[in-house]
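> Given these sequences and hints, build the entire structure.
Residue numbers (the working numbering), protein chains in the order written: chain A, 1 to 115; chain B, 1 to 108.
Misleading hints may appear alongside valid ones.
Said to hold, decoys possible - To give an idea of the chain A side of the interface with chain B (calculated C-beta under 10 Å), a few residues: (1) His49; (2) Thr52; (3) Thr104; (4) Gly106.
As the list claims (entries may be wrong) - Distance ranges between label pairs, derived from CB positions: (5) A:Pro17 to B:Arg80: 30 to 38 Å; (6) A:His76 to B:Glu59: 34 to 42 Å; (7) A:Glu92 to B:Glu59: 17 to 25 Å; (8) A:Glu15 to B:Lys83: 41 to 49 Å; (9) A:Pro40 to B:Glu18: 26 to 34 Å.
FYI, nobody ran anything at the bench for these hints, they're computed from the structure. Remember, it's a predicted structure, so these values are computed and weren't measured experimentally. Quick reminder that beta carbons are idealized off the backbone N, C-alpha and C, glycines included.
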Amino acid sequence: DAKTTQPNSMESNEEEPVHLPCNHSTISGTDYIHWYRQLPSQGPEYVIHGLTSNVNNRMASLAIAEDRKSSTLILHRATLRDAAVYYCILRERDTLNTNAGKSTFGDGTTLTVKP
Amino acid sequence: EPEVTQTPSHQVTQMGQEVILRCVPISNHLYFYWYRQILGQKVEFLVSFYNNEISEKSEIFDDQFSVERPDGSNFTLKIRSTKLEDSAMYFCASNEQYFGPGTRLTVT
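Given below as structure tokens:
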């Protein structure tokens, strides 16, 4: 599995935007970039994923570098409920179904949101 | 929004006993997974299941582990003879993006 590198921890103030970086310099052309988060005492929660273009959904935005060697998860206005461990994961594209394939979780970035 | 459910939320068992952890995936999904997370450690992949058979498994998923989908709705993980080191949170996932809340397994 291609490896990702994330900072161990980040802090943010409530109501401010948060940019969570991820480096994946060995990404292959068939890898999707997925982000999950894990709130305390809960299971992982899907946040967003993308391949080449920037993506937006109701939870966050994903900005992908042109060379795809890095990406940034953007929380537009952090709330206290966004305090979690955020995981950046590469998953190989399955030509039949993008829902196939396991996820390999690293240590992620622990986001602390201060009131 | 559809969700994955898991039962029980907490299971305590004695070493050497068999346990079955249950998951109800989202009904029209086709891919199912089990992961585990030992306290304070990373989420680890155990096994993936598609079309009524295992599609991939990790080194952790040895002969003591088995999975099945007995009735087309439930998806179970069985540990035949539990060890102390099996104590962990076990998460079921449906089509990969949807994780259940987990079952905390405590082996004493």
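> For each hint given before, does the structure comply? Return the numbers of the non-compliant ones in rising order.
2, 5
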